[in-house]
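Under full-length UniProt numbering, the sequence shown has 15 at position 15, and the numbering climbs by one with no breaks.
Please keep in mind that the hints were generated in silico from the structure rather than gathered at the bench. Where hints are given, some of them may not hold.
[As the list claims (entries may be wrong)] Quick list of the computed label-pair ranges, beta carbon to beta carbon:
(1) Ser49 with Ala3: 19 to 27 Å
(2) Arg6 with Arg28: 41 to 49 Å
(3) Asn8 with Cys37: 16 to 24 Å
[Stated by the list, open to error] Derived EDC-like pairs (lysine to aspartate or glutamate); straight-line CA-CA distance at most 20 Å:
(4) Lys52 with Glu66
(5) Lys52 with Glu41
(6) Lys30 with Glu12
(7) Lys52 with Asp42
Beta carbons are placed, not taken as given, at the ideal position from N, Cα and C, and that holds for glycine.
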Amino acid sequence: MIAATRRNLVQEINRGSFRSDFYSRIARVKVELPPLCQRLEDIPILVRSMLKDLGELKAYQWVRFEVIH
Numbered sequence: 001m002i003a004a005t006r007r008n009l010v011q012e013i014n015r016g017s018f019r020s021d022f023y024s025r026i027a028r029v030k031v032e033l034p035p036l037c038q039r040l041e042d043i044p045i046l047v048r049s050m051l052k053d054l055g056e057l058k059a060y061q062w063v064r065f066e067v068i069h
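Work out the full structure, taking the sequences as your base and the hints as a guide.
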């Protein structure tokens with residue numbers, strides 16, 4: 001399972017709004033990434049990947065993808 005949140009779950013546990021037993025089950029490997037708005041260079045890569053996956057799923061052929069600034 002992959003889970004994502006903007007909240008600090010340790011703080012949420014301390015406040016009593018998140019269960020510590022659930023946290024211990026899901027927090028096996030933590031990957032912290034800055035938000036996408038701080039990684040604008042990643043957007044074209046992600047879009048190409050998603051379009052490729054969609055094309056394979058729906059049997060569409062995407063001819064060209066360009067970044068418009």
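Do the hints match the structure? See the list:
1. Remark: the range hint 19 to 27 Å for Ser49 to Ala3 is upheld by a beta-carbon distance near 21 Å.
2. Against the hinted window of 41 to 49 Å, the Cβ-Cβ separation of Arg6 and Arg28 comes to about 20 Å, which falls outside the hint.
3. Separation of Asn8 from Cys37 is about 19 Å and conforms to the stated range, judged on CB atoms against 16 to 24 Å.
4. A hinted pair counts as satisfied when its Cα atoms are at most 20 Å apart, and Lys52 with Glu66 qualifies at roughly 14 Å.
5. Restraint check: the Cα-Cα separation between Lys52 and Glu41 comes to about 18 Å, which is no more than 20 Å; the hinted pair holds.
6. Taking the CA atoms of Lys30 and Glu12, the gap is near 17 Å; set against the 20 Å cutoff, the hint holds.
7. Using a Cα cut-off of 20 Å, the hinted pair Lys52 and Asp42 holds, with the two alpha carbons roughly 16 Å apart.
Comparing the model with each earlier hint shows a violation of hint 2 alone; every other hint is respected.
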